[in-house]
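Please assemble the complex out of the two chains, which come individually in their own frames, going by the hints.
Each chain, written out:
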Amino acid sequence: MARFYEYQGKELLNKMGIPIPKGRLATSPKEAREIAEEFKRPVVLKAQVLSGGRGKAGGIKYATTPEEVEKVARELLDMKIRRMPVKKILAEERLLIQKEFYLGATTDPSSRRPILILSQNGGIDIEEMARTSPAKIIKQQVNILRGLREYEARDFVRKTKGLSGDQIIALGSILKNLYDLYRKYDCKLVEINPLILTREGRFIAGDARIDIDDDAIFRHPELGLASTEETGERPPTKIEIAAGKIDEGDYRGTAHIVQLDPEGSYAKEKGKVPIAFDCVGTGTSLTTMDELVELGYFPMNFADTSGNPTASKLYRATKIILSQPGIKGYLFVSCVSSQQLDNTARGIIKALKELYPRTCGKPNIPMVFTFRGGWDEEAISLFEDHGISQSPWVKILGRDATEKDSAQAFDFLYQEWKKATGGIKN
Amino acid sequence: MAKEGLLEFEVFSGGKVIIDISKCGDCMSKACIQICNLPTMGRVLELKNGRPSLKKDLKEIKKGGCTECLGCELECELRGMKAIQIILPTPELDEYLKEIETKGMRPVYKVSGRSR
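These protein sequence lines map, in sequence, to chains V and H.
Numbering follows my numbering, in which position 277 of the first sequence is assigned residue number 277; successive positions increment by one, without gaps.
Numbering follows my numbering, in which position 67 of the second sequence is assigned residue number 67; successive positions increment by one, without gaps.
One or more hints might be untrue.
Residues from chain V that face chain H, not an exhaustive set, calculated with beta carbons under 10 Å [claimed, not checked]:
#1 K71
#2 K350
#3 L355
#4 R358
Bear in mind the hints are in silico, worked out from the structure with no lab data behind them.
Backbone N, C-alpha and C define an ideal beta-carbon position, used for all residues, glycine too.
So here's chain H without its partners, still in its complex pose (with noise of 0.2 Å):
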């Protein structure tokens, strides 16, 4: 636990999930814990108290007992209270945008207006 109301932990491949604990209280869904638990998933959250906890300590979860499957939280975004945020960070990628666009360029996504 990092913050109050946060639940946060980092993943193998470098960046972290944070769970806004303080919204799951309303949640009829729990769809975070469906998912996660599901037999292909990594099955690393629980419900306790009624708001998702970790099943795993944060080592092995950090090792990839979290598979980075995403479903928490696009299925919190669909059915539940949008309370997970997943930060991949992607430092190279970022630099490379901020060099085309010293240039004035820009990838395809920044183009406004076409969008339907």
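So here's chain V without its partners, still in its complex pose (with noise of 0.2 Å):
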């Protein structure tokens, strides 16, 4: 799922007719600073992250002089909300609050349909009011095909109570073009959270998050999102972007490949040893990084790529999964599957010849192959064919072996390699 960060999501908005404050985008405690005076009054400054939780951890602060704006900013951007550095900060007018909306577009799985969210208590967690005050949120699902006019809007929207009826009039068009949005863009989950009505009497967007469907990033090239795994809370790394390339249009089998610790720190606080890591099955994948954990070992990298792809996907996969920096160790492991593990192989070995040219494909850290399922044998004879297997640091196991075994055999392959070679600073 694609996520925006909230000054994207509200230039979304805007292009649909949704009023948001008056705000700009800063880098810079100095640029903070500029913003402030252009606007002549107080500020709210909003960390740019893509997590949740962050005005609970600090990263939403509000400043009314310029000096106090570029003090508090340069607080913002010296933070990190759950282990993301701030890099950009919003700063916007602040302003007056009488009272604060949600308002959500979303689909209901069990009816497959779009489904309308409002709520008069917004501006908090509205999974935990659903839960504790379901009353407080009312819903209305839409048939998709007729879509959402605007007299359904306005009639949805009067069902909160005290609003006058300039105030529903306003609220159910901006309910409208959000619904709009919500279809325009194939999102999954259109939310603001809160709508703020303001002491003036209007209703502005005072946050934003639009969550787009991965599968529909292709028909938006005007939003230049790239077609990534799911990330969480932070942007995509360029091997991710990379990665995501792969499967980009061609629908022959998968390559997801997600980093786990991007920049190595993870892995290096707890004290384990950093790998690179690919398997054939998401349950595969899984079990075996349990195994490797509890080894000492942190796969710096989830990757399936199952499905039957052809070996040229196998080929770039395998590129990119190798050029994470500091690994000390690859590990390949295949289900029992049903997919032709001789492509599979044949992928592999090409980008370990083109890797490492000098030595024909023999690595210089330690690798374990695991081929289990269709075509395994020829899968482990390509490998000897090419001569890789005869190299002292790669392990081939065939549909014997289990998911801790080939942990195991990586263990045992790891120490060898570190007594025999003193290890590799990369």
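Structure follows, in structure tokens:
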């Protein structure tokens, strides 16, 4: 799911005719100060991160004078929220709040229809409110073929109490535009929380969360999003963007690659040995990762190259996975799959030969390959024929090996390699 | 046919196969033809006048007619004349590698002296 920063989300809201506060992006304290000087009024400074819980983590601060803005901006830009450094802040005019609403459009999995969600108690965790006070939330399904009509949007918002006629019209119009945005950009979720009713009686989007369906990204080149795997609360890395290109438009099998510790800081902090990793099948991937972590290793990436991918996919995936800096080993494990493992092997072999031309594919770090499933014997033979199995740092296992065996074989090989070579500094 | 003596065709994922057919006359194994015509492979190549030739038209091959098994290149390397090169670009990775190089970092396969 591709997620936008708040400032990007607000740009989209604005394009769809939903009012947003006056604001600009700053990447330095000086820039934030200049914005405050231009606005000539108190501002709110908001750290631009993809993670939730930003307010609780101290990522939203208020400042009155330009000097104060500069000081607060410096504090924010020095912060890390859920391990992610704050690189950008949004400086906005401070709104005088009369009331806060929640407004959202998402897909209801049970009815398989779009659903609109509205609450007069905005600004708080909507999931928590749905659990503790469900009566405070109103919902309405939308017929996706008919869409949402202006009068239907007004009828829906009328269910909230205490709004004037003008406010019902304004809120109905915002809801209609929000639904149109949800449809236009193939969103999984569009959320304004809080939607602020100002003391002057205007509705303005105080925040914006827009999540776009990964599978629809190719339909929106105008958004400039990369087709990558879900990377949660951080933007995709260059490695992940490169990996995303493998599957983009090629339906023949999959190559899902996500970095788990892009900066290597977690493995270092926990004293684990960083290694690269690829599996056929997510179940095998997770099980093998568990075994490796038990033995003191940390897979720097998750990978699943399954669904009978082409050898060219494996070639590209292997090159990308082995390009992660700092890795001290590599493990490939297939589940007992029906995919053509000889093709898988060819992709890996071509990558190894290209990456290690001097040694004809024999690596300088320990590598274990476990081939189980269709054409597994051919895959093993190919490694022998191309001379890669003959490397002292390569171990090939077959269909009798379990995930645990693979991890233990890797551990044994790693210890041998470390003893013989003293390891590697990279 | 792109250049004299070369058989070239593009593949679906972006990239191309280049066969230097000037070397193929002396090849005893014709390993590329054998592997390409196995039941699970793309069956793109055939032997004509002792050299590889295309069985399908270029459009069909680019649409996925070639299954990108890489068998022709690897078999030719093992049992043939090393006449086949498959180029599969990874521009985003190349860009990333250039970037980390400027930061003094390098991937493990560029660290020399430990391979055996």
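Hints, one by one, checked against the model:
Given hint, K71(V) at the interface with chain H, is violated; its Cβ is 31 Å from that chain's nearest Cβ, farther than 10 Å. Annotation: interface hint on K350(V) holds; nearest CB of chain H at approximately 5 Å, less than 10 Å. Contact between L355(V) and chain H, as hinted, is supported at the beta carbon level, the nearest pair being about 4 Å apart and thus within 10 Å. This hint holds: R358(V) has a C-beta 7 Å from the nearest C-beta of chain H, less than the 10 Å allowed.
Violation of the numbered hints given earlier is confined to hint 1; every other hint is satisfied by the structure.
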